[in-house]
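*Asks:* Residue numbers (the numbering used here), protein chains in the order written: chain A, 1 to 226; chain B, 1 to 237.
Warning: the hint list may mix true and false statements.
Taking beta-carbon pairs under 10 Å as the criterion, some of the chain A residues facing chain B (in silico) [claimed, not checked]:
#, residue
1, Leu-10
2, Thr-66
3, His-115
4, Asp-117
5, His-119
6, Ala-129
7, Arg-130
8, Pro-131
9, Phe-135
10, Val-138
11, Pro-141
12, Leu-148
13, Phe-221
To be clear, the hints were calculated from the coordinates, so they are not data collected in a lab. Everything numeric in this text was worked out from a predicted model, so none of it was measured. Ideal placement from N, C-alpha and C gives every residue a C-beta, glycine not left out.
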Amino acid sequence: MTDAELEIVLLSLKVAGIATLASVLPAIAVAWLLARGRFWGRSVLDAIVHLPLVVPPVVTGYFLLTVFGRRGPIGAWLETYLGFQFSFRWTGAALAAGVMSFPLVVRAIRLGLEHVDRHLEDAAGTLGARPAWVFATVTLPLALPGILAGLVIGFAKALGEFGATITFVSNIPGETQTLALAIFTDLERPGGEAAAMRLAWLSVAISVAALLASEALARTFRRHTT
Amino acid sequence: MSLEVDIRHTAGRFRLDVQMRLGPGLTALLGPSGSGKTTVLNVIAGVLRPEQGRVRIDDEVVVDTAAGVWRPAYRRSIGYVFQEPRLFPHLTVRQNLMFARWFRHHGPTSRSPEEVIDLLNLGGLLGRYPSRLSGGEKQRVALGRALLSMPRLLLLDEPLAAVDQQHRDVILPYLDRLRAALAIPAVYVTHTWSEVTGRADHVVELGEGRVVFSGPVSAHAERGQQKTGGQRRDEAP
Chain A
1 MTDAELEIVL LSLKVAGIAT LASVLPAIAV AWLLARGRFW GRSVLDAIVH LPLVVPPVVT
61 GYFLLTVFGR RGPIGAWLET YLGFQFSFRW TGAALAAGVM SFPLVVRAIR LGLEHVDRHL
121 EDAAGTLGAR PAWVFATVTL PLALPGILAG LVIGFAKALG EFGATITFVS NIPGETQTLA
181 LAIFTDLERP GGEAAAMRLA WLSVAISVAA LLASEALART FRRHTT
Chain B
1 MSLEVDIRHT AGRFRLDVQM RLGPGLTALL GPSGSGKTTV LNVIAGVLRP EQGRVRIDDE
61 VVVDTAAGVW RPAYRRSIGY VFQEPRLFPH LTVRQNLMFA RWFRHHGPTS RSPEEVIDLL
121 NLGGLLGRYP SRLSGGEKQR VALGRALLSM PRLLLLDEPL AAVDQQHRDV ILPYLDRLRA
181 ALAIPAVYVT HTWSEVTGRA DHVVELGEGR VVFSGPVSAH AERGQQKTGG QRRDEAP
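Extracted from the complex, chain A is given alone in its bound form (with noise of 0.2 Å):
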């Protein structure tokens, strides 16, 4: 691997891991509303998370740019009173490729939430357990194969992430342009197939270690639970 591309795979890295676990708690926490909740406005939340997935991605980038680019009305507040900015830099990166995992992410955990039997909460109550530590000690543990499948596809959805984070961020080498951003460049650039395919078989082995990574901790909780 050349220091051009070590550079790249740790960028891609970077953004997909800030991406994926930036989301773990607002997805549960939205997951756990779908799952459980009884409140009006439930399938209008239910189809504001699925939009990244239904829409087109440059749509989706065109978005996050007019809300969180400078001059857009999050974007601008942001780098006025935190001196912090999303367009053109990694965060920003992290930011679309956060975006669009998140509804993967989501139904993964709301799948997992599911699963766990309600009756082992109740006989949790009858033990002493308030609603929060029987989410924290039978919900959320028992819903862990489905936080980490959700973890898993978020971050292989992040790591490919293409259209959205082109639209928001660009393709600026050493800055956004992640593995996706990279190969896409080496196809556009006479001469670079070669090089695009020696980035295609890195995103490869990467998104096999994780899914290898993620069999392996759910063959560890599966052997106590079942």
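Chain A is already provided as a structure; the job is to place chain B on it using the hints.
*Replies:* Same frame as chain A, but now just chain B:
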């Protein structure tokens, strides 16, 4: 201990309308399947919110739909052994037993874990996960777990239903030891009369969502003989 229950609840076509008053000791709650026994226990434990009614334990009203009173299960200090053991699969036997101690440090009835583990003969199982236990072992752990939550009242919902006959005969003596050693008031749901005969102090019989008999065991036995000519219809084969 005194327990007063007055509830009305509908679930689909089933209608429950139960009034009963229980004292200390072991109360057998009898009745055929579908007569509402489990529903009554769920309301007492705080797992189910009744449409209408009132439940009082000693001086504390835990449910009163008219006054808008609802104490959630975790604030009732009632031990509940469900029909299925409902052990937490991700926790070891020891962690299952100690689960309630994470949340509750004082209770009306304090038992040391060692005492309960000894009483139920659980010493050899502590490191195992529930998936490695037999049906009878699981139910013993469930019983120990409920006892260690320091309950003021114990609810047992056909704890032997999921256990085969061979294991029943093993578990019943444990129940007797518990009754003698711990003296926690208990409501024992069953449709097998032989499980409670000689053990219960008081009998409540339900039929189609209503109380059809309530009184001491001796009176229930006489009534059964009159009704069935000496043959108890709910006698175990």
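*Asks:* It remains to establish, for every hint, whether it holds in the given structure.
*Replies:* For each hint, the structure was consulted:
1. Leu-10: Where the cut-off is 10 Å and the nearest Cβ of chain B is about 35 Å from A/Leu-10, the hint is violated.
2. Thr-66: Check failed: Cβ of A/Thr-66 comes no nearer than 45 Å to chain B, outside 10 Å.
3. His-115: 12 Å, violated
4. Asp-117: 8 Å, holds
5. His-119: 6 Å, holds
6. Ala-129: Cβ of A/Ala-129 sits 5 Å from chain B, so the hint holds.
7. Arg-130: 5 Å, holds
8. Pro-131: Since chain B brings a Cβ to about 8 Å from A/Pro-131, closer than 10 Å, the hint holds.
9. Phe-135: Hint violated; A/Phe-135 Cβ to chain B Cβ min 12 Å, cut 10 Å.
10. Val-138: 6 Å, holds
11. Pro-141: Holds, about 5 Å.
12. Leu-148: Not OK, violated: A/Leu-148 not within 10 Å of chain B, min 14 Å.
13. Phe-221: With Cβ-Cβ at 8 Å, under 10 Å, it holds.
Of the hints listed earlier, those the structure fails to meet are numbers 1, 2, 3, 9, 12, in rising order.
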